[in-house]
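The residues making up each chain are set out below.
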Amino acid sequence: MANRLTLRQNVESIELTSGGLVALRDAIGKMQALSADDNRSWMYLAGFHGFPQFQCWHGGRIGLSQQALAYDLFLPWHRAYLLTMEHTMRDQNGTAALPWWDWTSPGSHRVGVPVAYSTRRIGKNPNPLASGPVPEVRSGRVPGLPASAGRNTTRSPGNPDDLPTADQVNSVLALTDFVDFSEQLQDIHDQVHGWTGGRNGDMGTIVFAGFDPIFWAHHCMIDRIWYLWQLRHGVQNVPPDYMNKPLAPFPLTVGDVLDIHRLGYEYAQASSSHD
Amino acid sequence: MPKPTKPPTTKSRKRVTAKKQVTTGISTECLAAGFVRADLVFDGLDHSGASFEARIFINNPDADASTELTAQNRYAGRFHIFGHGGCFGDVGHCEVRGVPRPYDPRPAHPLTPMRKVVIATDALRREIKRSGGKELTLTIVPIVRSGTERCDYENVLKFDRVSVVTYA
Numbered sequence: 001m002a003n004r005l006t007l008r009q010n011v012e013s014i015e016l017t018s019g020g021l022v023a024l025r026d027a028i029g030k031m032q033a034l035s036a037d038d039n040r041s042w043m044y045l046a047g048f049h050g051f052p053q054f055q056c057w058h059g060g061r062i063g064l065s066q067q068a069l070a071y072d073l074f075l076p077w078h079r080a081y082l083l084t085m086e087h088t089m090r091d092q093n094g095t096a097a098l099p100w101w102d103w104t105s106p107g108s109h110r111v112g113v114p115v116a117y118s119t120r121r122i123g124k125n126p127n128p129l130a131s132g133p134v135p136e137v138r139s140g141r142v143p144g145l146p147a148s149a150g151r152n153t154t155r156s157p158g159n160p161d162d163l164p165t166a167d168q169v170n171s172v173l174a175l176t177d178f179v180d181f182s183e184q185l186q187d188i189h190d191q192v193h194g195w196t197g198g199r200n201g202d203m204g205t206i207v208f209a210g211f212d213p214i215f216w217a218h219h220c221m222i223d224r225i226w227y228l229w230q231l232r233h234g235v236q237n238v239p240p241d242y243m244n245k246p247l248a249p250f251p252l253t254v255g256d257v258l259d260i261h262r263l264g265y266e267y268a269q270a271s272s273s274h275d
Numbered sequence: 001m002p003k004p005t006k007p008p009t010t011k012s013r014k015r016v017t018a019k020k021q022v023t024t025g026i027s028t029e030c031l032a033a034g035f036v037r038a039d040l041v042f043d044g045l046d047h048s049g050a051s052f053e054a055r056i057f058i059n060n061p062d063a064d065a066s067t068e069l070t071a072q073n074r075y076a077g078r079f080h081i082f083g084h085g086g087c088f089g090d091v092g093h094c095e096v097r098g099v100p101r102p103y104d105p106r107p108a109h110p111l112t113p114m115r116k117v118v119i120a121t122d123a124l125r126r127e128i129k130r131s132g133g134k135e136l137t138l139t140i141v142p143i144v145r146s147g148t149e150r151c152d153y154e155n156v157l158k159f160d161r162v163s164v165v166t167y168a
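Chains A and B are the protein sequences, given in the same order.
Everything in the first sequence is counted per our numbering, starting at 1 for the first residue and increasing by one.
Everything in the second sequence is counted per our numbering, starting at 1 for the first residue and increasing by one.
Treat each hint with caution, since some may be false.
Claimed, not checked - Result set (SDA-like, lysine to any residue): computed pairs, CA atoms no more than 20 angstroms apart in a straight line:
no., chain 1, residue 1, chain 2, residue 2
1, B, 158, B, 30
2, A, 245, B, 107
3, B, 19, A, 199
Said to hold, decoys possible - According to the in silico footprint, chain A covers these stretches of chain B (three or more CB under 8 angstroms from chain A):
no., region
4, 42-56
5, 74-81
6, 85-93
7, 113-127
8, 137-149
As the list claims (entries may be wrong) - Derived list of chain A stretches under chain B, where covered just means 3 residues or more per stretch with a C-beta under 8 angstroms from a C-beta of chain B:
no., region
9, 49-58
10, 201-208
Everything labelled a hint here was simulated from the structure, so no lab data went into it.
Computed from a predicted model, the values in this text were never measured in an experiment.
In this text, a Cβ means the ideal position worked out from N, Cα and C, and glycines have one as well.
Isolated chain B, as found in the complex (with noise of 0.2 angstroms):
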């Protein structure tokens, strides 16, 4: 787990505002058409800091905390983090572990990143018929809702990859 530089007092998280991600544009060409349930697929999610709310806008960059959830301003859905809270432990103790060794017959370490999917078939329905066949993007906006004095507010939303899965 990166280990915050600084991290925030109680004092000083009022002011601070979690960052938010606009993805670059993903293909709708290949998805089935007609599906039945349409998935937005979080891969490799940190879950080591606070705990959030994550709002999901598509094809509107500009959507912000203050954002209503209409499908006016083209709001997908939303996932939640129950976060670690920052590491409690000695040096190294939330470092994941890689790669198991065979006969390891632990679990995955705890902080091993997560996914999250986030069932969305009818705002993506309804904003790929708008887009006309156009790439999508989201806008991933994070809401702090519960941490401590170990975490990084900031920078709270972290994965790997977004993906679109449809289902016939």
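Looking at chain A on its own, in the form it has when it is part of the complex (with noise of 0.2 angstroms):
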């Protein structure tokens, strides 16, 4: 049974085994070559976060009125998303799986962005990971923006000492209640959505950051992150009126996703400080 499960890796682990990488640029570039509007393209895809779908979920939505919905499925919206995507690009290519992106680790604290994904170029062609095609504006959609050609993403990322430190994970990790650390993840998540971003960058906006191909290995660092949490405090760890939600637009709720392994994918072992 464990060889039929996608073996999801470090991107620092896949960076030494080419094998791995070379899948991902495969599948990564295939998607990118498609047209936004085939429904297997990676802008199809990335489109559901930020622009044009919208779909994403981010923070509990609590106003101080109370009056909306007191619930937030930020860890199950995300995790399904990274499911739908990593099926997609095993359709181009079989062998392919998310990698994560551990930003506590030294190798991040010393270069930022993984090499894998800063690499402008790999031969003559460029790099899938380094940059991802954005859908063009078209002409009037959006009152006050000029219309805009499709273009790539970019990124200027931060300090590599400002990343999130293990110490910060280990904390989260010890939080026993779901929706405490839900909360306290996502901050960390909104750090490194911010640090990679930085001033103009994608990754920095919930707008455009799908389009990003480190955002999902960001997101993949923070599924792995819940996964750990799992195995210490419980798989179906979730408060009870959370198992039926929807998680729109893909087909599953979040009782549907609470348990990786029926999702077909596992999180190999690794050498880090919050294993």
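Using the hints, build the complex out of the two chains.
In structure tokens, the structure reads:
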């Protein structure tokens, strides 16, 4: 059974073994070559998060009035989103798997964005992990915003030393309540988005973050931390009223995504200080 | 979502400093003695615009973006907002719907103001002791990390309420 699970690995591990990295580049490169209107394309999938579909979940959506729905599907929604992206990638290359970016590692605190994602070219071709296509903004679509041709994502990452630390992650892993854990982990997630995007980089805002390939490695790290938390505090450990919440547009509920083995993937063991 | 009147250009952003906020006094009289955890809870936070880091200082109204994050400067903690990036839809796209109608199965609008919880146990213990039971004020200093041409960088920090919540 174990060998049928997709094994997600640390980016720093697949950088050392060319097979996984080649498959990842191949799958993402093929998706990026498809048009935004093709539902197998990078732009189509990335467009679920922010522009133009805005389906993503962040925060509890709790205003002062408490009139809004007081639940937060940040973690389960992104787990379903990663799974959908991974399957779409594997349609292009059956051995591709999403890796996680451990932004707490000594390597990340030295170089920032992993080399696999920052190298601009692979031979004579652009590295599909360094940047992703963003669809055009058609004339008149956004009031006050000039029409723009399709473009590629950019980043202006900060000082690597400002990335979250293993101590921060360990503090979050020690929290026992799911909502408490999710809120604190999301804050670390928010920190990394701002750090990676910087100034006007696409990772820095919800609207364009999903188009940057590093988004997926960042969220794989978040999903892995949730998995590590589940190992400590229980796989089914969410508020009971969460279980049947749908994770639109994916055909899954919160209850469906709690057990990653039932979803067909596993995280590799890794030598980090928060295993 | 309030629309920016004049979206700053990339060039002008270099000169824009996000406005900080200083709260009115927060009474500490009703806080549980000997608490094991204390949080600063921000409700009604706007996240429609730029992404930013918010640094929180207790009883230090002069704190700004250059203030070091030390106990001496009464630093309490920080939170981060992953901002929407401004409105990229048609007119009304980013206006938060009101109270959901009965039988409306849709989740709340994505830009419904959010909550952030900053665990600040040690800082609150220290400052309550230092202030001798008097009121606490909070200075919240936003530092913009990322955004788009559709963001109002100057007024990025907007929230309805901040509370101190303790656990005995």
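- Indices of hints not satisfied (ascending): 1
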